[in-house]
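Visitor: In case you want the letters, here they are:
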Amino acid sequence: MNSSKSIAVATPAERRGFRFDMTWPILIGFALVLIALVVLPMSWLVYFSLTDRAGNLTLGNFAQLVTNPTFLDPLITTVILATSASAICCVCAAPMGWLVSRTDMPLRRTVRALVTASFVTPPFLGAIAWELLAAPNSGLLNKAYRALTGAPQDEALFNIYSMGGLIFVISCYTFPYVFVLVANSLDRIPGDLEDASSILGGRTWTTARRVTIPLAMPALLAGALVAFLQAMTLFGSPAILALPAGFHTMTTKIWSLFQYPPKPELAAAASLPLLVLTVLLLRAEHLILGRRGYSVVGGRQGSPRVVQLGAWKWVALGLAFVVLLNPVFLPYGALLNAAFSKVPSQFIWFDNLTLHNIEFAFFELSATKLAFKNTFILCTLAATIGTVLALVISYLTSRQAITGWRALGFLATAPVAVPGIVLGVGLFLTYTRPPFVLYGTLWILLVAFVTIALPSAYQQMQSAFRSVHTDLEEASRILGATRLTTLGRITAPLLRTSVIATWCFIFVGVIRELSAAIMLFTSETKVISVLIFDLNESGDLGAIAVLGLIMLAVTFAVVVAANRIPGFGGGIRFRNT
Amino acid sequence: MKAATFTRRVLLKGAATTAVGLYAAPLRAAPPEAAAITPALVDAAKKEGKLAFYTAMDLPVAERFAKTFEAKFPGITVRVERSGSERVFQRIGQEMESRIYAVDVVNSADAAHFIAWKRSGWLAPYLPEEVARHFPAEHYDPDGLYVTTRVWLSSLGYNTTLVKPQDAPTSFADLLDPKWMGKMVKGHPAYSGTIMTATYQITRDLGWEYLEKLARQKVMQVQSSTDPPKKLALGERAIMADGNDYNLVQLKEAGQPVEPIYPSEGTPLVTGPSGVFKSAPSPNAARLFHNWLSSREGQQLLVDFARQHSVHAQVVEKPGRKKLSEIKLMKDDPAAVERLSEEIKTRYSQIFRV
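Chains as they are written, first to last, in the numbering used here: chain A, 1 to 577; chain B, 1001 to 1354.
Chain A extracted, bound-state conformation (with noise of 0.2 Å):
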């Protein structure tokens, strides 16, 4: 994209500001980061999946991966999965997105807010509470449509634990992710290309199908890999699901090798072929947006255009809150319900309403303050960190700033083919001999957390950049600006609404991270999310309900409150993040 323009006005700029350029060292510096992140654990992943316990060579892990039916069942299962939550994904975030971002539909902003709740809302608290709404028996959504029908006791309209259940409520929690991607990239989509398309004749549908379409797709595309990778690396919810179900995915099953007696060997093997995947995923991207140049962002830019519904609006606005039912309303009802009845299966009533929850997660429950207190020293570390290095990565990357931004580019996004509790592991191993003993401190989740938040942060920053226009750097740098003031002074405040989305994004996806803290935690670094999934395999829901609800408030308040920061993207709205 450009990159022959750029070359050629960078490197006059180049030679004049060498002397003072720190460009460089910097550079090299983040890429060491990167490989300290990214490489070392990888690297003992594979050593591991190659060894036997003795550390002789063998390829004996592998033979066992694809002979023995207890692993390639799961492999199965997970691709299943991955595809049938992305493909859902796509089908219920797309027009979504395009109804918030270019129609009249009423209530927009309100549809965008509770994508954005749906986003932050953790999955495997999510799961949890469609246990509640949907278990076959106890289920709130069951009890009632027996009442409501007479059905007779074994009879359930909903299983939750099952592959369909669990299908959905991955979904639920992962549309979020298609949605922001599709609908910032058509909050950027100018209305002129439109107009263009309108003033030659083009109709409604000839406009939307070659102009605007096209220029969303790349966004949609992103989503729905996001989608995949995110549904075939999540581990609570499976782990909450289908458990039960009497199944396994790749991600559970990983994790079941690591209970005692550990066979970290086969857990790696287990996790090469989910590499793979996503590595030959990234390709199939690369290869279908590679090519084109979608810089919409310029100096200069037209309004998009609102398409006028009529009295369809209504009609839009309905399916856009039946969609939210499931991710939203729903679960929350279902925790606001467990958290105040003594049984959690029961509907509220003046009979069986009870404080007891909310007494024992505060007074009782002695891992409560230490779990929110690491939970949110690692929320904000990570989020600054991570949101630092997406940022100048992207930059790298998508200016194509030092050799080897394809490899900088790679290595940012390699996390996001491995499963956390997988990079959990190679951490473990990683960090816990000399010279780095971090194991047993808050730092190995740090780095696990930012690890992990990378790749998402990364896409979001480099999709950003992608429709910012390089004509004001360039103009930046021809005036004798290095690489990083120009990134500073120039690119940074020009991306301030995605900057701060990346933090918020990071600071909730940490809250939300569970497959790695669940490898990495002892009992003086337990965060809430290790806290919440030990009590569900306990069955305490009604403590669950309650924390789970403090944590949300949290989330909501950090987000608000980052999109209120003054003079720090001041008057410009959170976008769904």
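Rather than coming from a laboratory, the hints here were simulated on the basis of the structure. All the pointers check out, no bait thrown in.
The calculated DSS-like cross-link candidates involving lysine-lysine, where the alpha carbons are at most 27 Å apart (straight line), are: (1) B:Lys1164 x A:Lys143; (2) B:Lys1050 x A:Lys369; (3) B:Lys1179 x A:Lys143.
Following the hints, position chain B against chain A.
Guide: For chain B alone, coordinates are given in the frame of chain A:
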């Protein structure tokens, strides 16, 4: 009262006669000197100010012990680290290997773990005075490394609104009736020490064929032995195929529609020992807690609130719970569990697919 305690002592002795590998060494070494709760110990503990209690007992039960202890010895906070026993075992192993010394006192539902920890030399010898005086000899380690601080059963159970008492199963064999297809819930031996112990006893006495047949009944698989009772109370499943009987008693007394069943083939017996770690970061607070936990006060709380059984001779049984003497029990054998646990986990996950 004296008669009652006598009966229970005899009984628990009887119940644990096969705990040979764990408790009754052929040549009983001289145990360490019995230690009382002295003002010096309390002061030293208060100086440390905190302790970490790793346990597998039901969370509200563990927290109640912690809060009662904190109230009695103000200035010392107890952090409960609760998970399934097999998880706790893995966690401690992982932490010790990485030289992270976080655990002070541990209580497991899988007595076999103490055999392993004793072999590793991780436990500190400490024999509380009341244990030496009031506990049957087979319920504490000859070297004073651990003490049976609780006894309970892995029973069957049913939800009384979903199943009429006359229709409820009365044996493990009854669970294989097709009418219970899709209506049962059970815990997992790779997570829970209670379930591990019970799975060993069930497969020893009834054979693996029993579990193979049970697996065809579409059983809902949860992790902790504390969860099946809660799933019954929710009404999510009608029958519990294994899990803590004490949770059922607690839930029943709280007005929930659940009822334990003690199967005619015998009910798996679980003994949960506690011990202090040598590497405890708060060694005095750890000893104080361990001492208090096995004292008459701690053990009475175990019976009154936690609804489990104590081997302390002076503890008084609370009515409303079936006495162990009235229940046909399977015999526990921690040494065999230690030997077979890996095989049990592997075979179990092949049969139940998770």
